[in-house]
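We have chain L; now place chain Z onto it with these hints.
Quick note, the sequences are listed as chains L and Z, same order. As numbered in my numbering, residues 462 to 809 make up the first sequence, in order. As numbered in my numbering, residues 462 to 809 make up the second sequence, in order.
Hints listed in this document are in silico derivations from the structure and should not be mistaken for laboratory results. All values derive from a computational prediction rather than experimental measurement. There may be inaccurate statements among the hints.
Same chains, same names: a pair is fine if it fits in one copy or spans any two.
What the hints assert, rightly or not - Straight line, CA to CA, 27 Å or less: simulated BS3-like cross-link-like pairs of lysine-lysine:
| # | residue 1 | residue 2 |
| --- | --- | --- |
| 1 | K588 | K497 |
| 2 | K588 | K489 |
| 3 | K497 | K608 |
| 4 | K773 | K610 |
| 5 | K489 | K608 |
Protein chains: 2
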Amino acid sequence: MNETTGLSCPIPFGRYPNILLAHGGGGKLTGELLEKIFIPAFSNPALDARHDSAVFDLKGARLAFTTDSYVVSPLFFPGGDIGSLAVYGTVNDLAMAGARPLWLSAAFILEEGLPVNTLWIVAQSMKRAAEEVGALIVTGDTKVVDKGKGDSLFVNTAGIGVIEHSLDIGPQSVRKGDLILLNGDIGRHGIAVMAQREGLEFETGIQSDSAPLWDLVSLLLSKGIRIHCLRDLTRGGLAGALNEIAQAGQVRIALDESSIPVREDVQGACEILGLDPLYVANEGRLVAIVDPGDGKRALDLMRSHPLVSEAKIIGNVTEDSPLVTMKSKIHGSRIVDMPAGEQLPRIC
Amino acid sequence: MNETTGLSCPIPFGRYPNILLAHGGGGKLTGELLEKIFIPAFSNPALDARHDSAVFDLKGARLAFTTDSYVVSPLFFPGGDIGSLAVYGTVNDLAMAGARPLWLSAAFILEEGLPVNTLWIVAQSMKRAAEEVGALIVTGDTKVVDKGKGDSLFVNTAGIGVIEHSLDIGPQSVRKGDLILLNGDIGRHGIAVMAQREGLEFETGIQSDSAPLWDLVSLLLSKGIRIHCLRDLTRGGLAGALNEIAQAGQVRIALDESSIPVREDVQGACEILGLDPLYVANEGRLVAIVDPGDGKRALDLMRSHPLVSEAKIIGNVTEDSPLVTMKSKIHGSRIVDMPAGEQLPRIC
Numbered sequence: 462m463n464e465t466t467g468l469s470c471p472i473p474f475g476r477y478p479n480i481l482l483a484h485g486g487g488g489k490l491t492g493e494l495l496e497k498i499f500i501p502a503f504s505n506p507a508l509d510a511r512h513d514s515a516v517f518d519l520k521g522a523r524l525a526f527t528t529d530s531y532v533v534s535p536l537f538f539p540g541g542d543i544g545s546l547a548v549y550g551t552v553n554d555l556a557m558a559g560a561r562p563l564w565l566s567a568a569f570i571l572e573e574g575l576p577v578n579t580l581w582i583v584a585q586s587m588k589r590a591a592e593e594v595g596a597l598i599v600t601g602d603t604k605v606v607d608k609g610k611g612d613s614l615f616v617n618t619a620g621i622g623v624i625e626h627s628l629d630i631g632p633q634s635v636r637k638g639d640l641i642l643l644n645g646d647i648g649r650h651g652i653a654v655m656a657q658r659e660g661l662e663f664e665t666g667i668q669s670d671s672a673p674l675w676d677l678v679s680l681l682l683s684k685g686i687r688i689h690c691l692r693d694l695t696r697g698g699l700a701g702a703l704n705e706i707a708q709a710g711q712v713r714i715a716l717d718e719s720s721i722p723v724r725e726d727v728q729g730a731c732e733i734l735g736l737d738p739l740y741v742a743n744e745g746r747l748v749a750i751v752d753p754g755d756g757k758r759a760l761d762l763m764r765s766h767p768l769v770s771e772a773k774i775i776g777n778v779t780e781d782s783p784l785v786t787m788k789s790k791i792h793g794s795r796i797v798d799m800p801a802g803e804q805l806p807r808i809c
Numbered sequence: 462m463n464e465t466t467g468l469s470c471p472i473p474f475g476r477y478p479n480i481l482l483a484h485g486g487g488g489k490l491t492g493e494l495l496e497k498i499f500i501p502a503f504s505n506p507a508l509d510a511r512h513d514s515a516v517f518d519l520k521g522a523r524l525a526f527t528t529d530s531y532v533v534s535p536l537f538f539p540g541g542d543i544g545s546l547a548v549y550g551t552v553n554d555l556a557m558a559g560a561r562p563l564w565l566s567a568a569f570i571l572e573e574g575l576p577v578n579t580l581w582i583v584a585q586s587m588k589r590a591a592e593e594v595g596a597l598i599v600t601g602d603t604k605v606v607d608k609g610k611g612d613s614l615f616v617n618t619a620g621i622g623v624i625e626h627s628l629d630i631g632p633q634s635v636r637k638g639d640l641i642l643l644n645g646d647i648g649r650h651g652i653a654v655m656a657q658r659e660g661l662e663f664e665t666g667i668q669s670d671s672a673p674l675w676d677l678v679s680l681l682l683s684k685g686i687r688i689h690c691l692r693d694l695t696r697g698g699l700a701g702a703l704n705e706i707a708q709a710g711q712v713r714i715a716l717d718e719s720s721i722p723v724r725e726d727v728q729g730a731c732e733i734l735g736l737d738p739l740y741v742a743n744e745g746r747l748v749a750i751v752d753p754g755d756g757k758r759a760l761d762l763m764r765s766h767p768l769v770s771e772a773k774i775i776g777n778v779t780e781d782s783p784l785v786t787m788k789s790k791i792h793g794s795r796i797v798d799m800p801a802g803e804q805l806p807r808i809c
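Pulled out of the complex, with its shape left as it was, chain L reads as follows (with noise of 0.2 Å):
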């Protein structure tokens, strides 16, 4: 029970009655907050549709709303930063609705004592990539809380695009035999925060994969691949997407690890870090699945796009029962559940 207003929760909170950071992490326990809080609140069509964008028409256009807050730790890390991340990722979520992405708006949440160069140069970020996908900043806030009641610096997007198609793209549409397909290597984003915040050195130097996503997706569109569902593969990694998708179209996937690219040095800082790559984020990553009959066509298209480096047939839909499996190197088939826990907080 709450001391203030006297009330408490008919649904019971199990094992977890306090906030944990794995709530955050996009796996089991951030899935039980939308379940047992959110969904029972606010349940409506374009909510209950559990896509990264809310998709609604008005007055006979099609648009796409979402929102992300960032609350990465450092701010600054190798290949992004807090601004570009908080850009590049609602415009990620809108093009997995298939939309373009027109406006934005930027809420900071900033910590006394922060120095305001650093709003600075974090605005400045979000400019360029602003710019670069050609979005507009339109509207924002700024609010500031003591010192020690925030992190320097959080900030919020939300997003609005407009989808010029008639596909239906989410979840609901994916069927048996569909082809999934990913855009690149796996584990760099998380990989490289983790390096960054932990100051631990990788001989390579890992950069972050954070990119925006619009343009590959509009590529797609415009040469008429039939596009089932889309995602893009942020906390919770290539396994959490997955299950939230077989989760949400009741759909088996089945993954064949062999096609799945993930960079040495790499898997060389998850082994040492036990960390599993499938589980962590990207953000320049997403995974596409499509019709059958377009599956080599969307490919060859992915491989022609300039941010595209190793794209990949990873595996197929198999039936209708909500799981993710994978055929991996040298053990058979074996079960990739939901992340459970939090292998790396705050890392978007």
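What follows is chain Z alone, placed relative to chain L:
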């Protein structure tokens, strides 16, 4: 210079190179961040209008878009909580563009250790508030930060509204002769939060005025009132809001102190605390600047609304130079300046 990036802003930040609580107070220092950092970085017509919401066209529809983060402390206060505040605040910013609120986002930054039950209570409050105004919460996000790196719970809401009239509501439309209407007594929200936070007891139990304003605005619009500008009185209070309008619209606003309602208990609390009610935050108050020919009718309409207790015409627009003055109850006329410091941090 920033150590990690080696970058530094070309514009000097003057006396305050580090963020103060006053940078979030809605006064001069908040304005400086806008002038020196955000406008130069993001400049575009929607942002440069410096209105509560950005307004733009999409395929024949006129949309408004806004965002605010909420860091109020404590989370629960007499007359409201962070959840309803976050919904009403964003709805009110849309309403100030004359936009009907349709879709909201809700993003949470939780501090590790927060009782999950507290999040549930806040979500329930947001649910009720959204239902009350007829808006849907369609997308969201949850992040968790380590204990000591946040303050229990921050909320960001962004909102999309649709503009169904042809008025151009904003500081640019304010003209000499316009009348300034206020929809009720000022200063209650700030005092209610402050009292709760500091454990002060006022005999009468001052409640926040937190309330949604769209219904009132909708009433004025539906009756054809020629509204030139609307602004809700949040951080910075009545003085802050009117100074913003005076600056943005390049007009002089003359107030009559005797017409501005302040409850006796609020006046008393302000005197004890050394505050000026003109600068204390409200969350359910607006000024409507209307064509002089519509002033009386607008006042009658306001007074007919169930949420309005004490509407008044508090002044008028007198000339084309940016200034706010007030005829005081006893001393002749004085300048009402933009708030300079921060009287009451974290009231929204």
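Now the hints, each set against the structure:
Taking the shortest alpha-carbon separations for K588 and K497, only the inter-copy value of 14 Å comes in at or below 27 Å, while the best intra-copy value is 37 Å. For the identical chains of this complex, K588 and K489 are inter-copy neighbours only, at 24 Å across copies versus 35 Å inside a copy, given an alpha-carbon limit of 27 Å. Proximity of K497 and K608 under a CA criterion of 27 Å is satisfied inter-copy only: 23 Å between copies versus 33 Å inside one chain copy. In this homomeric assembly, K773 and K610 never come within 27 Å of each other (Cα to Cα): the closest approach is 44 Å inside a single copy and 40 Å across copies.
Proximity of K489 and K608 under a CA criterion of 27 Å is satisfied inter-copy only: 21 Å between copies versus 32 Å inside one chain copy.
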